[in-house]
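**Student:** So the sequences go chain by chain: A and B.
Heads up, the first sequence is in my numbering, so the first residue is 1 and it goes up one at a time.
Heads up, the second sequence is in my numbering, so the first residue is 1001 and it goes up one at a time.
These aren't lab readings, by the way, just hints derived from the structure by calculation.
Since this is a predicted model, take the numbers as computed values, not measurements.
Don't take each hint at face value.
Stated by the list, open to error - For lysine to aspartate or glutamate, the following EDC-like pairs were computed, each having C-alpha atoms within a straight-line distance of at most 20 Å:
#  : chain 1 : residue 1 : chain 2 : residue 2
1  : A       : K183      : B       : E1134
2  : A       : K225      : A       : D198
3  : A       : K127      : A       : E92
4  : B       : K1165     : B       : D1114
5  : A       : K179      : B       : D1114
6  : A       : K179      : B       : D1184
7  : A       : K161      : A       : D149
8  : A       : K107      : A       : D126
9  : A       : K268      : B       : D1157
10 : A       : K199      : B       : E1134
As the list claims (entries may be wrong) - For the chain A half of the interface with chain B, some residues (derived, Cβ under 7 Å), not all of them:
#  : residue
11 : K183
12 : R190
13 : L191
14 : T200
Stated by the list, open to error - Pulled from the structure, derived: some chain B residues nowhere near chain A, Cβ distances all over 10 Å:
#  : residue
15 : E1005
16 : I1010
17 : G1108
18 : G1172
19 : R1194
Heads up, the beta-carbon is just placed ideally off N, CA and C, and yes, glycines get one too.
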Amino acid sequence: MSIDGFFSVNQHNTNNLEDFKYDFNRVNSLKLKNFRSYKDLKCSFNGGPVVLLGPNGSGKTNILEALSLLSPGKGLRGASFDQFRNFKGPSEWGVIAEVASHNQIIKISTGVSAGRLRGRDVKVNDKKVSGYSSLPSLISLSWVTPSMDQIFMESPSSRRKFLDRMCSSFNDNHISSIKNYEKLMRERNRLLQDSFSDKTWLDTLETRMASEGILIGLTRIELVKSLNDILGKDQNPVWPKAFLKIEGDVEEELISNNSDEVKENYSKTLFDNRRKDSLSGRTLEGVHRSDLLVSERNKGVYANQCSTGEQKGLLLGLILSHLDLIAESSNRYPILLLDEVIAHLDQVRRSSLFDQIVRTKAQVFMTGTDVNSFSPIKGSAEFFSVGMGLLKEFQI
Amino acid sequence: MNNSEIDNLISLLSRLPGIGPRSARRMALNLLKKPESLMKPLAESLITTANSIVNCKICGNLDTSEICSVCNDKRRDVSIIVVIEEIADLWALERASVHNGMYHVLGGTLSAIDGVGPEDLGINSLVERAQGSEVHEIILAMNATIDGQTTAYYITDQLKDFSVKVSRLAHGVPVGGELDYMDDGTLQTALKSRQPF
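So here's chain B without its partners, still in its complex pose (with noise of 0.2 Å):
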């Protein structure tokens, strides 16, 4: 291996979000000592994964099946989907074992900037699903940022003329926060969105 190969392994490995120069080039050493343990394994590993994971045809999850092992879950409810941005957050979700639905992922959000549109993203899908007969609830679990609002309002409007119900998730006093510390506009909308007790 010349050094050209090495620089390609470090510029590669900086390009994973997270990691820049100094940590790539960190990884590379560890990887380039240890060859048989580790190095050799995870390139398999890493071609052996992209060959064989594809997005779920309904959901857009990450599976080794065209129909991620979530939406083949017989036991799982079909009537409620909660649309996430990305993966990740799926995985979050999944974590939390707090839902036992199904789940739809955009893969980002709009940004005319960026040019993300709502073809670039799982919109069109979400509307052919949320028309299906065994579909009774859309839970809108996008962001708290702008864009993701922004994302969340749209599928809003484009899902008005369904009979199906779309909610979002609450916005507030986190479990376990305490009011002294949260912002005025945590505040504001804790208070807004109180609910009885």
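Bound conformation, chain A alone (with noise of 0.2 Å):
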């Protein structure tokens, strides 16, 4: 590592020796090629907090879903690959970012080319990489946006796959073991749609599938147990405080077994199930049908039999303290991405949760409209105005 890398890494509020101690995940520059609105975008972050205002339309979650593009899947809208392009040029699109990650500066790129119809190519220092299940030991996100508002009342999948992505900044190898699940549940899918003919083959999946589950399993549970003991601890009366469990068979039984003999009473479940899984046509049982439930730890009450407030209250105090796990099990914050929540937060909330931003010093990227909700943090953050595909910095 060179000194100039070390300390444009951590140009940001580095007054404080023990921030040395962190890895301050940063985008310090991105630039956007024929990306939604954006023909050609080049911007630079001085790696503290982003405020992104403009009117509705603008642009400015297209700037938190290129971001959210560093990492695995298809970013916080969920959008499929061919609808990242910018209708007016040509379908190819990128989104090219300069990250301090490890306290080093890496180039991580991402896009389509012209012709190719599935997935997006992931290139780190411009050298392309295999899959993007690489992307979490480089760089951590976390995102909330307005859609996630609905996330306990959604089903079960939705708050799956929130788990999940929470459980990717905490264990790197945490979204092959769900790529490799998912292949080896499809293959198995497949087979049994041929009157599974070869047992051999379906034992081989079966008991493969069982590893992968139990790995899943256990970073899932881990996750949930150290979320919770940092929930537990947290003394802000501003936000309601989330309990977690998980509802699936698997990840239960992990909790009071030896995880040789889940994985053994997995492969027996899914051997069992052979001939309903068939019939069905997909597996009815497994770490893919697991839910995270989440309760309002003082009330006792489900999330989804809280008021909107408090599920959104909930939600963002689950993040937080996500963050703060990662700083603490890692020593790195990872970056974080708030589309349009500041407006939504009363005057206690918003006062908290700057307090929080700036005390945590991860970078986060916020959207909004009014700039007058953002007038508490004008000291610490950098302004941008969006508009007409450009991102002017401006003093408030």
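Given two chains presented individually in distinct reference frames, assemble the corresponding complex, making use of the accompanying hints.
**Tutor:** Okay, here's the thing in structure tokens:
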């Protein structure tokens, strides 16, 4: 690591020597090529909180979405890859970011070249990497979007994805395990459609599914336990306190039993369910069916029975605790993307959130329409006006 | 030659791995510019090779005779068979001169989604070979991908009733690799498969 590199990584808020023990994930610069409303955008950030201001439809969320593509998956909107392109331009698109990670500067680029039908390419320091499961080890991102307000009311799959995204910052191999598990499950489902003629092949797939499933379950349990510990210790009265529990046979069994025993039971369940799974055309039991149950700690009621404001508070409190957990467990501060979150918070919660952002020194990207909502952090944040495919920095 | 023939040539060239339509056009133009020195010799070589090359009946390697030069080589150790996915893997091992035994080319990996089952790969012939009294060890050298490893587990299961030793290639830190640059999965596997020094 060069000395120059070291100082450029920690250029923001480095007056405290304690900060040097943390690896602050930061996006130093961002280039967008033919991405959504941006034909060709270049911008740089100083590492502190970033506020993106502009009217509805000006392209604020597109910036957050581009940043979210630096982590595995389809980004914060869950869009398909052909939707990312600028519809007035060619079919290629690209997101190129210079990222501070592990006290080094890394260039991460992702995009789709012309004619590619599925998936996106990911390059690290201009070298193509296979899949994007290596990204969580380089950059950790978390986000809250308006559509997540409904997360406690939606189907288990959205909460499971949310849980697994939190797990991916906690354990770099989690995404690989999920991808492996899903591939093995697809293979098994296909074999079952063919009247499961080859029993040895099915045995092999089920044993391997159980191994990967156990790894997934163990990471989820560890994350939930650690988050519950942090949420239990949190004395801040502003945010409603969440209590998390995983509803899933495998995870529940793993809490009280030896993982080898659970693995054996898991394989046996898959074996016993072959007929049922074949008829339904899918695997009916396993870690891919688990749910994250969230309840309000003091009232003891499930989040879906809480008021809309409380649900929002539970979610944000959870995200902030996750930020602290990652910092505590891996000395890393992930990047946080908050889309239209500030406008919906009352004065007390807004102040508490800004205090926490300034205290943690995590790089946070926030969007909003009203500059006054962000006045409490005017001394700490960079402000950009968004519109006409451009970002313009301004002072308030 | 009319345009449709050129188009056909480009279309055929672009079906080769790693060759896109643009590269195919450049290759076709290059061939057309050198009909005597390149295009015709290449066409003749392609026809001769297509007519003479066959898969080895024993290991699945490509050769001009039904029993390939590797299987025919009396100096090689017949007690060890390295199982690989593709012929390219056999060539890689031969280039490295690290194995003096025999090979078995599967011709792919198990994939229910792609419709590749055990009967489409050389698994049955491997099981037959493993029953031979001269075979003592089978080394599974499949890629460390999910399909490669599923195939390796499947073969291990198929061979469990025979007295032959089944081993696999080591997974972990590559020669000359620096720990600082390894991903967590590689480090974890390397630590688990550590050996006495």
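**Student:** Hint R190 of chain A vs chain B: min CB-CB distance below 7 Å?
**Tutor:** Since chain B brings a Cβ to about 4 Å from R190 of chain A, closer than 7 Å, the hint holds.
**Student:** Is the Cα-Cα distance between K199 of chain A and E1134 of chain B 20 Å or less?
**Tutor:** Violated - the C-alpha atoms of E1134 of chain B and K199 of chain A are around 29 Å apart, more than 20 Å.
**Student:** A cut-off of 10 Å on Cβ-Cβ distance, and I1010 of chain B was said to be off the interface with chain A. Does that hold?
**Tutor:** Since the minimum Cβ distance to chain A is about 15 Å, I1010 of chain B lies beyond 10 Å and the statement holds.
**Student:** Does the claim that G1172 of chain B lies off the interface hold, with its Cβ farther than 10 Å from every Cβ of chain A?
**Tutor:** It holds; G1172 of chain B is separated from chain A by about 15 Å at its closest Cβ, greater than 10 Å.
**Student:** Assess, step by step, whether the Cα of K183 of chain A is no farther than 20 Å from the Cα of E1134 of chain B, and give holds or violated.
**Tutor:** The given pair, whose Cα atoms are some 38 Å apart, is violated under the 20 Å limit.
**Student:** For the pair we were handed, K161 of chain A and D149 of chain A, check the Cα-Cα distance against 20 Å.
**Tutor:** Roughly 15 Å between the alpha carbons, so the hint for K161 of chain A and D149 of chain A holds.
**Student:** Verify the proposed pairing of K179 of chain A with D1184 of chain B, using a straight-line Cα cut of 20 Å.
**Tutor:** Holds, because 16 Å separates the two Cα atoms, which is no more than 20 Å.
**Student:** Under the criterion of a CB-CB separation shorter than 7 Å, is L191 of chain A in contact with chain B as hinted?
**Tutor:** 5 Å, holds
**Student:** Mind checking the alpha carbons of K225 of chain A and D198 of chain A for me, to see if they're no more than 20 Å apart?
**Tutor:** 40 Å, violated
**Student:** Does D1114 of chain B sit within 20 Å of K1165 of chain B, going by the straight-line distance between their CA atoms?
**Tutor:** The given pair, whose Cα atoms are some 31 Å apart, is violated under the 20 Å limit.
**Student:** Mind checking the CB of T200 of chain A against every CB in chain B and telling me if the closest is under 7 Å?
**Tutor:** 5 Å, holds
**Student:** Would you mind confirming whether the straight-line C-alpha gap from K127 of chain A to E92 of chain A stays at or under 20 Å?
**Tutor:** Distance ~18 Å between K127 of chain A and E92 of chain A Cα, so the pair holds.
In summary, the structure is inconsistent with hints 1, 2, 4, 10 from the numbered list given earlier, while agreeing with the others.
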